[in-house]
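Peer 1: Model the full assembly from the supplied sequences, consistent with the hints where possible.
Protein chains in written order, with our numbering: chain A, 1 to 315; chain B, 1 to 251; chain C, 1 to 304.
No lab work stands behind these hints: they were computed from the structure. All values reported here derive from a predicted model rather than from experimental measurement. Among the clues, some could well be false.
[To be verified] Using 25 Å as the maximum straight-line C-alpha spacing, the simulated SDA-like pairs for lysine to any residue come out as follows:
{"no.": "1", "chain 1": "C", "residue 1": "Lys295", "chain 2": "B", "residue 2": "Ala71"}
{"no.": "2", "chain 1": "C", "residue 1": "Lys89", "chain 2": "C", "residue 2": "Phe196"}
{"no.": "3", "chain 1": "B", "residue 1": "Lys119", "chain 2": "A", "residue 2": "Ile15"}
{"no.": "4", "chain 1": "C", "residue 1": "Lys295", "chain 2": "B", "residue 2": "Arg116"}
{"no.": "5", "chain 1": "B", "residue 1": "Lys119", "chain 2": "A", "residue 2": "Leu294"}
{"no.": "6", "chain 1": "C", "residue 1": "Lys89", "chain 2": "A", "residue 2": "Leu294"}
{"no.": "7", "chain 1": "A", "residue 1": "Lys11", "chain 2": "A", "residue 2": "Leu271"}
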Amino acid sequence: MAFYRPAPYQKPVAIAVLLAMLALPSVLTAFGQEFYIGFATRVLIFALAASSLNLVLGFGGMFSLGHAAFFGVGAYAAATCLNSGIGDALLAFPLAMLAAGLFALVVGAISLRTRGVYFIMITLAFAQMAYYLFISARVWGGDDGLSLASRMTLGGFSLSSDSALYFVALACLALSIVFLGRLADARFGRVIQAIRENETRMEALGYPVFRYRLICFALGGALAGLAGALLANLTGLASPNLLQWTQSGTLLVMVIIGGVGYLYGGVVGALVLLCLEEVLAGFTLHWHIALGLLLLGIVLFAPKGVAALFGKRHG
Amino acid sequence: MAEALLEVRSLSRRFAAVDALQGVNFSVEAGEVHALIGPNGAGKTTFIHHVSGALQPDSGSVHFSGADVTALSMHQRVAAGMARSYQITNVFLGLSALDNVALAVQGRADAGSSFRFWKPARNEQRLFDEAHDFLNQVGLAWRAESLAGNLAHGEQRALELAMALATRPKMLLLDEPMAGAGPEESARMVELIEHLARHVTILLVEHDMNAVFRLADRVSVLVNGCLICTGTPDEVRADPEVRRAYLGDHL
Amino acid sequence: MTQLFLEQALNGLQFGLMLFLLAAGLTLVFGIMDCINLAHGSLYMVGAYLVAAAAQAADSFWIGLGAGVAGAAVLGLLLELSLFRQLYKRDHLSQVLATFALILIANEAVRIIWGAQPVMLNPPEALSGPVEIGNFFYPAYRLVIIGFGLAVAGLLYLLVAKSRVGMWVRAGASNREMTEALGINVQALFTAVFVFGTALCALAGGLLGPLLAVQVGMGESVLILAFVVIIIGGIGSIRGALVGSLIVGSVDTLGRALLPTLLRALLPADAASTLGPALASILIYLLMAGILFFKPQGLFPARA
Ligand SMILES: Nc1ncnc2c1ncn2[C@@H]1O[C@H](COP(=O)(O)OP(=O)(O)OP(=O)(O)O)[C@@H](O)[C@H]1O
Ligand SMILES: [Mg+2]
Numbered sequence: 001m002a003f004y005r006p007a008p009y010q011k012p013v014a015i016a017v018l019l020a021m022l023a024l025p026s027v028l029t030a031f032g033q034e035f036y037i038g039f040a041t042r043v044l045i046f047a048l049a050a051s052s053l054n055l056v057l058g059f060g061g062m063f064s065l066g067h068a069a070f071f072g073v074g075a076y077a078a079a080t081c082l083n084s085g086i087g088d089a090l091l092a093f094p095l096a097m098l099a100a101g102l103f104a105l106v107v108g109a110i111s112l113r114t115r116g117v118y119f120i121m122i123t124l125a126f127a128q129m130a131y132y133l134f135i136s137a138r139v140w141g142g143d144d145g146l147s148l149a150s151r152m153t154l155g156g157f158s159l160s161s162d163s164a165l166y167f168v169a170l171a172c173l174a175l176s177i178v179f180l181g182r183l184a185d186a187r188f189g190r191v192i193q194a195i196r197e198n199e200t201r202m203e204a205l206g207y208p209v210f211r212y213r214l215i216c217f218a219l220g221g222a223l224a225g226l227a228g229a230l231l232a233n234l235t236g237l238a239s240p241n242l243l244q245w246t247q248s249g250t251l252l253v254m255v256i257i258g259g260v261g262y263l264y265g266g267v268v269g270a271l272v273l274l275c276l277e278e279v280l281a282g283f284t285l286h287w288h289i290a291l292g293l294l295l296l297g298i299v300l301f302a303p304k305g306v307a308a309l310f311g312k313r314h315g
Numbered sequence: 001m002a003e004a005l006l007e008v009r010s011l012s013r014r015f016a017a018v019d020a021l022q023g024v025n026f027s028v029e030a031g032e033v034h035a036l037i038g039p040n041g042a043g044k045t046t047f048i049h050h051v052s053g054a055l056q057p058d059s060g061s062v063h064f065s066g067a068d069v070t071a072l073s074m075h076q077r078v079a080a081g082m083a084r085s086y087q088i089t090n091v092f093l094g095l096s097a098l099d100n101v102a103l104a105v106q107g108r109a110d111a112g113s114s115f116r117f118w119k120p121a122r123n124e125q126r127l128f129d130e131a132h133d134f135l136n137q138v139g140l141a142w143r144a145e146s147l148a149g150n151l152a153h154g155e156q157r158a159l160e161l162a163m164a165l166a167t168r169p170k171m172l173l174l175d176e177p178m179a180g181a182g183p184e185e186s187a188r189m190v191e192l193i194e195h196l197a198r199h200v201t202i203l204l205v206e207h208d209m210n211a212v213f214r215l216a217d218r219v220s221v222l223v224n225g226c227l228i229c230t231g232t233p234d235e236v237r238a239d240p241e242v243r244r245a246y247l248g249d250h251l
Numbered sequence: 001m002t003q004l005f006l007e008q009a010l011n012g013l014q015f016g017l018m019l020f021l022l023a024a025g026l027t028l029v030f031g032i033m034d035c036i037n038l039a040h041g042s043l044y045m046v047g048a049y050l051v052a053a054a055a056q057a058a059d060s061f062w063i064g065l066g067a068g069v070a071g072a073a074v075l076g077l078l079l080e081l082s083l084f085r086q087l088y089k090r091d092h093l094s095q096v097l098a099t100f101a102l103i104l105i106a107n108e109a110v111r112i113i114w115g116a117q118p119v120m121l122n123p124p125e126a127l128s129g130p131v132e133i134g135n136f137f138y139p140a141y142r143l144v145i146i147g148f149g150l151a152v153a154g155l156l157y158l159l160v161a162k163s164r165v166g167m168w169v170r171a172g173a174s175n176r177e178m179t180e181a182l183g184i185n186v187q188a189l190f191t192a193v194f195v196f197g198t199a200l201c202a203l204a205g206g207l208l209g210p211l212l213a214v215q216v217g218m219g220e221s222v223l224i225l226a227f228v229v230i231i232i233g234g235i236g237s238i239r240g241a242l243v244g245s246l247i248v249g250s251v252d253t254l255g256r257a258l259l260p261t262l263l264r265a266l267l268p269a270d271a272a273s274t275l276g277p278a279l280a281s282i283l284i285y286l287l288m289a290g291i292l293f294f295k296p297q298g299l300f301p302a303r304a
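Peer 2: Okay, structure coming up:
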């Protein structure tokens with residue numbers, strides 16, 4: 001595989017979509033559909049979380065099945081910040097990223113010593129550990145999770161209106177995508193993509209592979225933490241469910257649907273999956289079966305992933 | 001006598017039922033071309049793996065440039081000045097030849113940190129100029145933009161060499177650089193190695209005896225994991241034990 | 001205190017043996033087929049439901065257990081032939097995606113068939129009371145589970161260590177290409193191992209049914225415990241799975257029972273009551289991390 005290069009039409013499309021997204025809240029309000037602002041914010045947040053996993057999985061080639069742990073740690077960190085008086089997102093969000101990033105650093109330092117099936121299982125196990133830690137510790141509210149007394153502020157502006165939070169989530173996602181796009185093209189991005197292709201060769205060229213992988217893993221964790229902090233604001237709750245391993249599975253499904261190793265893979269995947277959920281759930285209580293069959297179909301009939309159905313990755 | 005650049009002391013390694021290396025003592029002087037020969041399965045590649053740090057020995061030690069590097073990992077040994085090529089071509093098939101070499105240049109300590117997350121590496125003219133020079137040295141400049149996967153076998157061998165050179169090593173570990181190459185390609189490779197040997201110490205594993213006797217200052221013979229003899233090409237050619245154990249009537 | 005300790009040690013043994021039933025099949029699937037199967041826990045859940053349903057229909061726990069396990073084995077066979085056979089050749093990403101999809105389908109299918117409420121599964125009448133061991137009472141049914149677990153572990157040991165099939169299995173776990181080169185029918189071997197693994201985990205599900213609630217999602221947390229067992233023991237190693245199961249079972253059980261008491265003796269009451277449950281619940285993961293740090297391949301790596 002080659003280094004990631006965006007398709008030429010990608011940038012104009014992205015800018016057009018961004019402009020449309022900026023107008024979305026007013027459009028929804030005009031049609032009396034404010035309810036969907038919350039849904040759109042959810043999509044943005046999951047798009048960010050899935051993109052962070054895509055950095056780890058798609059660009060770094062590390063098959064983590066515990067990514068939701070960093071998502072959850074970010075949410076708990078944000079809730080803890082708010083409840084202990086740090087109510088401004090300008091400080092709380094970076095702290096949430098730091099907490100999630102540091103946790104990822106520790107998990108990565110142990111798990112990245114292993115490969116293959118082992119790595120998958122170990123990341124899963126560590127995420128489960130975090131899950132149990134949060135539900136069994138009373139300071140974090142146990143099974144009920146940690147609720148936020150209110151939403152945060154951002155540089156003094158309140159985020160209590162749904163559209164305010166929507167714009168913040170949009171900004172976080174847009175900035176992260178720009179960052180990831182630059183990263184893929186920068187020295188670091190080239191190194192991790194080459195490591196994904198052939199780690200032994202990179203060692204033999206003098207690269208400390210472990211260190212690059214670890215930093216990539218921790219960066220992914222920090223971005224997931226940012227998504228978690230946003231979600232805690234949206235739902236008013238840091239819930240242990242966020243750390244459940246099925247959540248990691250969901251993020252993974254998003255990345256795979258959207259395209260592993262594509263810059264917009266996480267965004268597309270989150271949009272498709274959450275909309276699908278919304279639509280299927282309207283038809284039947286048992287929409288999980290439909291989703292499961294769909295995924296099976298994807299694996300069996302689109303062996304190279306859905307993204308491969310739409311076009312090639314490499315220019 | 002000059003201090004040896006590479007010194008390997010009683011190196012032993014066992015795989016399940018195979019004693020791949022048995023107490024090998026071996027040294028390469030700075031500036032020489034030292035060939036390591038031996039029949040198939042003698043343990044030559046395994047030896048290169050241990051020198052380069054891809055494998056850890058059961059016992060024994062590896063010293064490079066006066067320092068014990070036995071405990072160092074592969075990338076640390078590269079930083080210390082060792083570079084290797086692989087017997088089975090090992091390049092990034094999905095990248096252009098130029099990108100392959102640029103990665104090797106970028107990995108060098110003097111090329112600056114690679115923990116850079118923002119500036120597009122594509123615009124770093126210096127990296128690519130230098131990569132181009134190395135491609136030029138191995139005669140591949142005209143193929144710079146081709147995907148490595150589309151190169152002919154001999155060209156891939158040359159690319160492999162350019163990548164090793166781009167780390168600016170003190171010593172090159174070449175594992176059968178002529179493997180699978182046609183006669184013309186081999187001749188070009190011999191010329192290239194002859195040229196490189198003026199600037200860099202070379203440990204050469206090779207089956208092609210004409211190449212070995214033309215290039216090597218000294219030759220060592222490995223048989224069944226044991227080093228049975230080291231000497232000038234003429235001494236080795238004359239050694240009865242070598243004749244018996246390995247060369248037979250090749251010579 | 002010693003009484004509590006003994007009782008908890010027995011509980012730990014019982015839990016560990018049940019984990020072994022789950023982990024044994026899984027570690028072979030991972031080791032031999034290099035295939036990651038997240039749906040193993042779902043097979044455990046489906047096994048428990050089948051046993052419960054059959055036991056209710058036949059009005060006998062033992063008939064239910066036999067029929068349920070057989071049913072699960074048939075299901076495993078169908079799954080292997082239709083899906084897993086294709087998955088072995090695929091990358092881990094596809095395997096995870098497909099088996100994740102199976103979990104979604106299994107959970108929802110169970111919910112449709114048996115409803116969202118937990119299903120009751122009663123232990124056999126004769127075993128519902130306690131028996132006296134030395135100077136304390138212990139539930140008879142748990143003793144039977146321990147007996148079952150020990151018997152299966154012994155049987156499996158004989159099968160893998162002594163029989164010809166076991167030799168193939170071990171060879172397959174340590175070097176797949178070699179096994180194929182020896183002309184062993186690898187596909188049939190894979191099918192047999194998979195079906196056998198399914199039967200074992202259904203057996204665990206059925207035996208644990210009377211102790212735990214038979215409900216949707218019961219397979220998922222236990223699946224991760226089985227993963228921890230395999231990580232600790234080393235992929236592809238039956239011996240590793242047994243040792244890992246016993247370690248995880250006893251550390252988890254004893255930790256939950258004794259750690260809070262222990263901490264109360266060492267720390268101020270306030271700190272102990274916050275720290276105790278939290279520490280107990282993550283004890284095995286810390287243990288796993290510690291073992292991995294020194295042995296990244298687990299305690300008994302099947303591949304050198
Ligand atoms: N990873 C391994 N596991 C088990 N045995 C190995 C391993 N690597 C090498 N061997 C064995 O060690 C011996 C030496 O192999 P090696 O590849 O070093 O030989 P060689 O001299 O490079 O041969 P050739 O000239 O064919 O390249 C052989 O018997 C080989 O089968
Ligand atoms: Mg060789």
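Peer 1: Compare the structure with each hint and give your call.
Peer 2: Against the structure, the hints:
1. Lys295(C) - Ala71(B): 18 Å, holds
2. Lys89(C) - Phe196(C): The given pair, whose Cα atoms are some 20 Å apart, holds under the 25 Å limit.
3. Lys119(B) - Ile15(A): This hinted pair holds, its Cα atoms lying about 21 Å apart.
4. Lys295(C) - Arg116(B): 33 Å, violated
5. Lys119(B) - Leu294(A): 40 Å, violated
6. Lys89(C) - Leu294(A): 21 Å, holds
7. Lys11(A) - Leu271(A): Distance ~19 Å between lysine 11(A) and leucine 271(A) Cα, so the pair holds.
Of the hints listed earlier, those the structure fails to meet are numbers 4 and 5, in rising order.
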